[in-house]
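131 is the number that UniProt numbering gives to position 131 of the sequence shown; each next residue is one higher, with no gaps.
Zero decoy hints are in this set.
Lysine-lysine pairs mimicking DSSO-like chemistry, simulated, CA-CA at most 27 Å apart: (1) Lys34 x Lys58; (2) Lys5 x Lys19; (3) Lys19 x Lys7; (4) Lys30 x Lys96; (5) Lys30 x Lys43; (6) Lys44 x Lys30; (7) Lys27 x Lys43; (8) Lys96 x Lys27; (9) Lys43 x Lys96; (10) Lys44 x Lys96; (11) Lys56 x Lys27; (12) Lys34 x Lys56; (13) Lys44 x Lys58.
DEER-style ranges, computed between Cβ atoms: (14) Asp87 x Asp36: 17 to 25 Å; (15) Tyr8 x Thr42: 49 to 57 Å; (16) Lys96 x Phe6: 44 to 52 Å; (17) Asp123 x Lys27: 18 to 26 Å.
For the record, the hints were derived by calculation from the structure and aren't laboratory data.
Note that beta-carbon positions come from the ideal geometry of N, C-alpha and C, so glycine has one too.
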Amino acid sequence: MDYGKFKYETAQKARESRKNQQQTVVKEQKLRPKIDPHDYETKKGHVVRFLEAGSKVKVTIMFRGREQSRPELGYRLLQRLGADVADYGFVETSAKQDGRNMTMVLAPHRGAKTRAKAASDADAPAAPRTNTQAPTAPATPAPATTTPADEAPTDTPQN
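Construct all of the structure, not just a fragment, from the sequences and the given hints.
In structure tokens form, the structure reads like this:
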């Protein structure tokens, strides 16, 4: 076998294997331990959107000042977030303290990216559809066919 041909074929195989690899994207969402309920819902919505897109999400709780003496608040917040997004993903790395921060990694369920892609493909043909019919006017009652002379009372004697 020719060495040049062998080298070419191995390069082709390597290129094909690189093409089929999937890059894992890790998005990050940062929170504070004393987060307002509406802000929590907003951040949770971002996490859900990332998981539906097939990305992993690293959730970081940032502690400041005296908050560092209460790590259980951050732990409870991460547990609550993990339970709230359980339909979209699972906890890949549980909550752990890392200096001033506490982190947890969430990963999407298997096939989440393909489901999201299929849903967007299904929505795409429906989007450009427009109403081409002209609006019709509401139906009005037809004018009466009788005239006032026909409706006049007949008091004349008949012979």
